[in-house]
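Engineer: Below, each chain spelled out in residue letters.
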Amino acid sequence: MESKKIKLIINGKKISAPAGQTILEVAKKNNIKIPTLCYHEDLKPEGRCGVCGVEVNGQIMTACNNKIKAGMIIKTNSKKVQEYRKINIQLVGCNFAREDAFKKWLKMENLPDIDELRFKPKTKEKIDCSACDITIDFSKCILCGRCIQKCRDVQSVNAICFAQRANALKVGTSFDKNIIQTTCVGCGQCALVCPTGAIKERDYISEVEKALADKKKHVIIQTAPSLRVALGEEFDMPAGTLVTKKMVSALRKLGFDKIFDTDFGADITIMEEANELIERIQKKKTMPMFTSCCPGWVNFLETFYPKMRKHLSTCKSPHQMFGSIVKTYYARKFGINPKDIIVVSGMPCTAKKYEARRKEMHSSGYQDVDYVLTTRELAKLIKKRKINFAKLEDQEFDMPLGESSGGGVIFGASGGVMESAIRTAHYILTGKELKNIEYTAVRGIQKIKKATIKIGNLKLNLAVVHGLANARKILEEVKSKKCNYHFIEVMACPGGCIGGGGQPQPTTMAIIKKRADAIYQQDKKQKFRQAHNNPQIQQLYQKFLGQPLGKKAHKLLHTTYRDKSKRI
Amino acid sequence: MKILTKNNFQTWEKIKNLSSQKIIEKIKQSGLNGRGGANFPVGKKWGLSYPAKYFICNADESEPGTFKDHFVLQNCPELIIEGLNIAMKALRAEQAYIYLREEYKILKPQFKTIIKKHSPYNIKIIIGAGAYICGEETGQINSLGGLRAESRHKPPYPAQKGLFSEKTCVNNVETLARLPLIWQQNFDPKLLLFSISGDVEKPGVYEAKEGIKLKKLLKLAKAKNTKAIFLGASGGCFPYNPNLIMSYDNISKKGGLLGAGGIIVLNQNKSIVNICRSIVQFFADENCGKCTPCREGNFRLLQLFQVIRYRKWKKEELEWIEKLVKFIPQGSQCALGQSSTLHLSTALKYFKQDFLKKTVSK
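Protein sequence lines correspond, in order, to chains A and B. Going by my numbering, the first sequence opens with residue 59, and the numbers climb by one from there. Going by my numbering, the second sequence opens with residue -5, and the numbers climb by one from there.
Some clues are possibly wrong.
Dumping the calculated DSSO-like pairs for lysine-lysine here, alpha-carbon to alpha-carbon at most 30 Å [as the list claims (entries may be wrong)]:
#	chain 1	residue 1	chain 2	residue 2
1	A	Lys198	B	Lys317
2	A	Lys87	A	Lys512
3	A	Lys275	A	Lys63
4	B	Lys184	B	Lys207
5	A	Lys512	A	Lys343
6	B	Lys343	A	Lys72
7	A	Lys572	A	Lys585
8	B	Lys346	A	Lys144
9	B	Lys47	A	Lys102
10	B	Lys308	A	Lys144
11	B	Lys20	A	Lys133
12	A	Lys91	B	Lys210
13	A	Lys585	A	Lys235
14	B	Lys210	A	Lys63
15	A	Lys161	B	Lys320
16	A	Lys537	A	Lys341
17	B	Lys343	B	Lys320
18	A	Lys138	B	Lys111
19	B	Lys308	A	Lys138
20	A	Lys507	A	Lys102
21	B	Lys8	B	Lys148
22	B	Lys317	A	Lys178
23	B	Lys210	B	Lys221
24	A	Lys311	A	Lys178
25	A	Lys268	A	Lys184
26	B	Lys317	A	Lys63
Don't read these hints as lab results, they were simulated from the structure.
So here's chain A without its partners, still in its complex pose (with noise of 0.2 Å):
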């Protein structure tokens, strides 16, 4: 069936191209544009805005829920279509709040600019600012739907829907809640593909440039490592270019005092996560075991499966084991009052803001994750302060909590938990180290990943998924009883944190595959390559917390969870 080829006439150009594709596709594949707006790469199509509506034998039809048939007339810029796109734009601009926004949309689609608007804007409702990891301004909206579909059909959260009818269709919530008393885990996949910025992350910028113009505050920032791949992005750089040691001069121009690397902190995860399956195995506790590194998961856990809790790993997340080691080992080791500490964590994700104004997260005794920043807000302090970011210089990370094993770097892409924990394992438990190191049966973008290991004479089974629509199939497998998984790592965002909703725009599947290409690379380039390799982790466990899974590291890096089940 798909084999077939079809023929079809497009502004005059015979083409033939394989059946079941949307005029759109087509289109693009022989480079002829046609402008959009509602459109996403990963989405399915909806028709929502008619802006990619094109001539097909005579008549108007969206192209990109429409396939191909054969024997089609297309015209991309008839005098119909264009006539019809005169007046769809006038429609769909005074759906937007900002002109200049839509004078920007108008140039990026290559559409000819309009003096004045027919129609005045409507007034909507104001910002529903509740939550502490998204916010909604329903004066941006322009209804393309993005938002909801990924919420509804990628992750199965559901938080948002559209609501009312007509003119006064809404993106809103059930029965009209804030945001915060909805399901929302605060992924943030509805502002990686907000077109308009209507939902984007809670902004923390100003609170953090305060505490970098404070001179009695010791700041740190820490960055994670899917930070580093698509940073670049911002600036212009093409999807996968590693900037890491652009983005740690960056960071210094900025003021901080000391640049960290969350690499360490995802160092120490793995060595007490491993510590933890392995315990878990050998003295029989609640099987399997799922990882606990990514917030979005933990809440749609606790939200929609709060008796599953006791699967979960108590371990932290990699930055919340930093923040707390920050104001704990290094405030003593280096004689800073903890107090005046202050941790940012650049980070690709939305959801650890709430992450770290959790109740559990103080275990240092202070807050242990002060501020956290996405990679759009920590581009866009950089971008304020006017430094040209392609132009910096190469600089290293600070010692002693700057140095990261690969096993770290990996964190970044889905599957990389899992490797980086099935390296430790191996030498946990047989003394040797694993021999062939990349483990690429858990790596790529499949939904579901599953495969078996044997270590020494234990038999794992491991699966890996991510986006929540994946995780909840797991979620009833496991459930249900009929599977013997021994260790699932659960990503929320697709691609794991390097299609976080912090990330850069756009991210669609293609970028992240880009994405995940450089963050392997940089694993290579590592001297160490297993967390427990690393000689700082070693010397953090020899000075400071003793063993993994001891009391003191039970104290500082292990958390509990929560029943949110009434949110529903």
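Starting from the known structure of chain A, arrange chain B on it as the hints suggest.
Structural biologist: Same frame as chain A, now just chain B:
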């Protein structure tokens, strides 16, 4: 009226043991068309959706000026259930739904007793969610499935992927009520129900043959001094012509839609522009909001129409009305959007003078 025939489930007893193919073949031969408005051949639709998993009886009549389904539901529930039985048998469906308009829910108990007595099938009565778009096939399927009532893009058609992503067949109430009559002698597939209302002495439901002349039809309802007729809200507007042939083909040729047979009669004292304004208001309130051209277009149209409450149109405003009337059907994906400006396009064709009178002449 033929439709009031008491059949007492005779047809059902007769064909209970026939094969699906034979039943569908007989319906194809009968030439019965759907009475929901699209006039699609019933036999063809069934052939496409066989074997269907779900069957839906569309009793969500909500077109302004149309009330023949209410008449059928009230007066011949036995025929509807008999028709449902035939449909379930022919399509081998597992489950049937009657999507009953909320305002008609008083009829539910009556149906329940008949179903209990006469139907071996699983038939559920669902009370509608109350939006106009719920009467549209795909909107109704969404509403039944627990989703937001929004039209779906076709293809896939409901016959391929409908309710709960299974093969589904949707038919109108009157269509079902006519089904058992096919097996009776001298069955006439061309008989239609017309709902006549407005400036007439005897408003009500009348049965007549497709292709009847307008004057004959209006004589039944005793209309006087007629200026124009509106075919429901979405069927278009025509000046009174006694010899206008009321058939699907002829009306579409003239730029309208006979639809479900609703006729609103206006006498010489009525203003066409004012009636159009009410209809614009109706569509601006009742579209689902999915497609920007329909949602925004109808809203802006309403804004333009509201102006004439206190002043005349400027020339530019009338031009914009004409532009939007052409534009909205092009950009919309479902029947609602595509026909939401039909009343204006026909009114502008036949009553342009009325519009110009409301416009500043400069």
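Engineer: Work down the list of hints and note, for each, if the structure agrees.
Structural biologist: We went through each hint and held it up to the structure:
Distance restraint check for Lys198 of chain A and Lys317 of chain B: the Cα-Cα separation of roughly 27 Å lies within the 30 Å cut-off, and the hinted pair is therefore satisfied. For the hint linking Lys87 of chain A to Lys512 of chain A, the alpha-carbon distance of about 45 Å lies beyond 30 Å, and the restraint is violated. For the hint linking Lys275 of chain A to Lys63 of chain A, the alpha-carbon distance of about 66 Å lies beyond 30 Å, and the restraint is violated. Between Lys184 of chain B and Lys207 of chain B the alpha-carbon distance is near 14 Å, which keeps this suggested pair within the 30 Å criterion.
Of the supplied pair hints, the one linking Lys512 of chain A and Lys343 of chain A holds, its CA atoms being roughly 20 Å apart against a limit of 30 Å. The hinted pair formed by Lys343 of chain B and Lys72 of chain A fails the criterion: a straight-line CA distance of about 39 Å is larger than 30 Å. Restraint check for Lys572 of chain A and Lys585 of chain A: satisfied, since their Cα atoms lie roughly 23 Å apart, inside the 30 Å limit. Taking the CA atoms of Lys346 of chain B and Lys144 of chain A, the gap is about 25 Å. The hint holds against a cut of 30 Å.
Restraint check for Lys47 of chain B and Lys102 of chain A: the C-alpha separation of about 25 Å stays at or below 30 Å, so the hint holds. For the given pair, Lys308 of chain B sits about 21 Å from Lys144 of chain A by alpha-carbon distance, which is consistent with the 30 Å threshold. Only pairs whose Cα atoms come within 30 Å are accepted, and Lys20 of chain B paired with Lys133 of chain A is rejected, the gap being roughly 44 Å. Taking the CA atoms of Lys91 of chain A and Lys210 of chain B, the gap is near 56 Å; set against the 30 Å cutoff, the hint is violated.
Simply put, Lys585 of chain A and Lys235 of chain A have alpha-carbon atoms about 51 Å apart, too far for the 30 Å limit, and the pair is violated. Taking the CA atoms of Lys210 of chain B and Lys63 of chain A, the gap is about 55 Å. The hint is violated against a cut of 30 Å. In summary, the hint linking Lys161 of chain A to Lys320 of chain B is supported, as the alpha carbons are separated by about 26 Å, within the 30 Å threshold. For a cut-off of 30 Å, the pair hint linking Lys537 of chain A to Lys341 of chain A stands: about 21 Å separates their Cα positions.
Distance hint between Lys343 of chain B and Lys320 of chain B is fulfilled; the C-alpha atoms sit about 12 Å from each other, no more than 30 Å. Among the hinted pairs, Lys138 of chain A with Lys111 of chain B is inconsistent with the structure: their alpha-carbon atoms are about 58 Å apart, more than 30 Å. The straight-line distance between the Cα atoms of Lys308 of chain B and Lys138 of chain A is roughly 26 Å, inside the 30 Å bound, and the hint therefore holds. The straight-line distance between the Cα atoms of Lys507 of chain A and Lys102 of chain A is roughly 23 Å, inside the 30 Å bound, and the hint therefore holds.
In summary, the hint linking Lys8 of chain B to Lys148 of chain B is not supported, as the alpha carbons are separated by about 37 Å, beyond the 30 Å threshold. Proximity of Lys317 of chain B to Lys178 of chain A is assessed by CA-CA distance (about 18 Å); at most 30 Å being required, the pair is judged to hold. The suggested pairing of Lys210 of chain B with Lys221 of chain B holds, with an alpha-carbon distance near 16 Å, which does not exceed 30 Å. Of the pairs offered as hints, the one joining Lys311 of chain A and Lys178 of chain A is violated, with about 44 Å between alpha carbons and a cut-off of 30 Å exceeded.
Distance hint between Lys268 of chain A and Lys184 of chain A is fulfilled; the C-alpha atoms sit about 27 Å from each other, no more than 30 Å. For the proposed pair Lys317 of chain B and Lys63 of chain A, the alpha carbon gap of about 39 Å is over 30 Å, so the pair is violated.
When held up to the earlier numbered hints, the structure conflicts with 2, 3, 6, 11, 12, 13, 14, 18, 21, 24 and 26 and fits the remainder.
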